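Can you make the complete structure from the sequences, with help from the hints?
The letter at position 76 of the sequence shown is residue 1361 when you use this note's numbering, and the numbering goes up by one with no holes.
Keep in mind the hints are simulated off the structure, nothing from the lab. Being a predicted model, the structure only gives us computed values, none of them experimental. Treat the hints loosely; a few may be bogus.
Said to hold, decoys possible - Derived EDC-like pairs: lysine to aspartate or glutamate, alpha-carbon spacing no greater than 16 Å straight-line: (1) 1383 to 1369; (2) 1383 to 1365; (3) 1383 to 1317.
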Amino acid sequence: MNPLMRFLFHHWDHLLRATRYSLKGLRAVWRETAFRQELAVLLFATPLALWLGSSPLERALLIGSWLLVMVIECLNCAVEAITDRVGTERHALSGQAKDAGSAAVFLAILTAISTWLVVLLS
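This is how it looks when you write it as structure tokens:
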């Protein structure tokens, strides 16, 4: 196999494996009620953003602000899974890690709400 074909095959293979891992991760977070609730908000908010946003930038801000919530929720699920993997007994640092993940989701939601308010009230 020539070097160009080897290069392309390697990167294509990497892309396929990365996609499989990402889909596996989405299946894992799908089990979380909060993720499904936030997805429901996204499915409602996206057409609303496309209708209410007066420019492409506003539409991107409205949709992207809620996508940020989803990203942070995925990371929060990862923190919880790692914390549970370390041990199920109560520990102050485990609680702190889980609380910090929850706080990150909360702040992302506040960011999304404030983004929607600023865009829609301006």
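Do the hints match the structure? See the list:
1. 1383 to 1369: 10 Å, holds
2. 1383 to 1365: 6 Å, holds
3. 1383 to 1317: 14 Å, holds
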